[in-house]
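Asks: The chain contents come next:
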Amino acid sequence: MGLSRTTILFIVSSGLSLILGVLRIPNIAHGSLYMIGAFSAYSVISFLGGGGFAFWAAMVVAPLIVAAIGFVMERGFFSYLYEREHLMLLLLTFSFALIIGDLVKILWGTEYRSITAPGFMQGSAEVFGLPIPYYNLFLLLVGPVIAVFLWLVVNRTKIGKISRAAAVDAEMVSAVGINVGWVFAFTFVLGCFLAGLGGALIAPMTSISLGMDHSLIMEAFLIVIMGGLGNIWGALLGSLIFGLAQSLGILAWPQFGIVFPYLAVVVVLTFRPKGLLRSAW
Amino acid sequence: MKWKYVTPLLLLAALAAAPQFLPRFHTYILAIVLLTGLLATSLNLAIGFGGIYQFHHAVFYGVGAYGTALVLTRTQLPAPVGLMAGPVAAAALSLVMGVICVRLSKLYFGMLQISLGSLVWATVYRWYSFTGGDNGIPGVPVPGWIASSESAYYYTLAVTTLSMLALYRIVGSPFGKVLQGIRDNPVRSDAIGIDVKAHKLTALVIAGFFGGVAGSLFVVIDTSVFPDMMFWTYSLEVLIMCLLGGMYTFFGPLVGSSILVLLRTYVSIHIPYWHLCLGIILTLVIVFLPEGVLGYAARRFRPKEGRLA
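Residue numbers (my numbering), protein chains in the order written: chain A, 1 to 281; chain B, 1001 to 1309.
Extracted from the complex, chain A is given alone in its bound form:
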């Protein structure tokens, strides 16, 4: 249970980290995008009537919907406001979070929703004597795949290299004739896609509800800060520490379990103020 949630945390926070590292937008609306991902997955699956095909369709369509929303947000607002202070950008994304929160309430209502994993992923396997649902194993597979994929995009493709350069000095990159605006848009949309994917993937595991954005976005932010801004492996390491602190904390002291992840962040940042791994800033 702990590890599969860690996978989700990693997918979402790697998207956040990408946006924060390259565009320097502390995107509070990221959690709301994750929530939209979960609700869209629900809608796609119930529209197609369940089954394996509906599941895979949802895993593709829901993140794409979220990515489209991200594209509108970036082109419509952020692209004009990059020069502003972080504080302004933070509050602007918070206003998007508020708007999206209420729009989701209007569109999907306030009831709890749930979807089930397709038939071939139900049931569980015995690993070290513990029953582990197939779906969790599937998630454990997805996490590393995403990590490697992101690493390849950022380090081995041209657009990834440009985006890393733009993170360091956007002005210089545009001076050599590269359209930085579109690189930023691509990065932002990729980050949003990851948020949507995280939301779609967690949908079969928990009940989909309003307010799932609030708890997640804070965790994702802390993971990103702990791991080092803009560093994919930092996000992975941060999610592992966070998830571990969460599950061990709940085992050790059920009442105050939710305190431990925050404690871990405080300890890490006290000794390594700039995060565990090298950040893009």
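In case anyone wonders, no lab produced these hints; they're calculated from the structure.
Every clue listed holds true.
Some but not every residue of chain B turned toward chain A, in silico, with C-beta under 8 Å:
#1 L1119
#2 W1232
#3 L1243
#4 T1283
#5 I1286
Keep in mind the model is a prediction, meaning the values are calculated, not measured.
Glycine included, each C-beta is placed from N, C-alpha and C at the ideal position.
On the provided structure of chain A, position chain B as indicated by the hints.
Replies: Only chain B this time, still in chain A's reference frame:
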């Protein structure tokens, strides 16, 4: 008497007369406006005048409220001790958090503060036997002399006025000027021999203290506390108040919080989507009015001063 005192004094007179004309509910809302204004102004000392990314100011508001409420409900100490315990606890917490955070800058400061603040929030949220957990503490026994809604209002008005005066003096004092110098150019301030960290820390403690004062006023007005008061979303709402009113003006946060509290009260009566409205207002303010209502007014109606500054 100088002319510049006329407007504040008239406003004060109007506020003092208000409970005689207004029904009880509106008196309550007015008191909430006042204490929220104090909360936003205390945050502005750190973020507007000090340039410190105080992202989780609501923690001090909450600790101030819980400190007062706990002393009033669980101990036999005299009431004034309880009313002071909240702000003092908030200032102490602010000192501890400040010592941990102050060497970080900007976003890192803000995030470490949020995680420390969330630690406090999570503890309060779960410690059922002591803080009441997610139920909070309803029905705090407020002492008789401020128990009626009218006397509670006048108490709030008096404390808010005194606190605002104190904050005004602090902003105008040599300390306040140095703080603004640090905000505008930390490197140079450091180079000319100013202890940047000590000044920032002092500003944080003062801001925390007055945030706590606002919290303890909330207990007097509402006779209850709940953990949502110190959830991080509320911190951001207080930040919005500062931004809306104008961060680089002294009275801006007061204006911003009045607008938001009144809007929230009257909009929520008619439509259930208050957050949608808040989000739209905030987006418009950030895009079109980044210096806030008062900042805009100052630039628009006093172009000479604006050019000098």
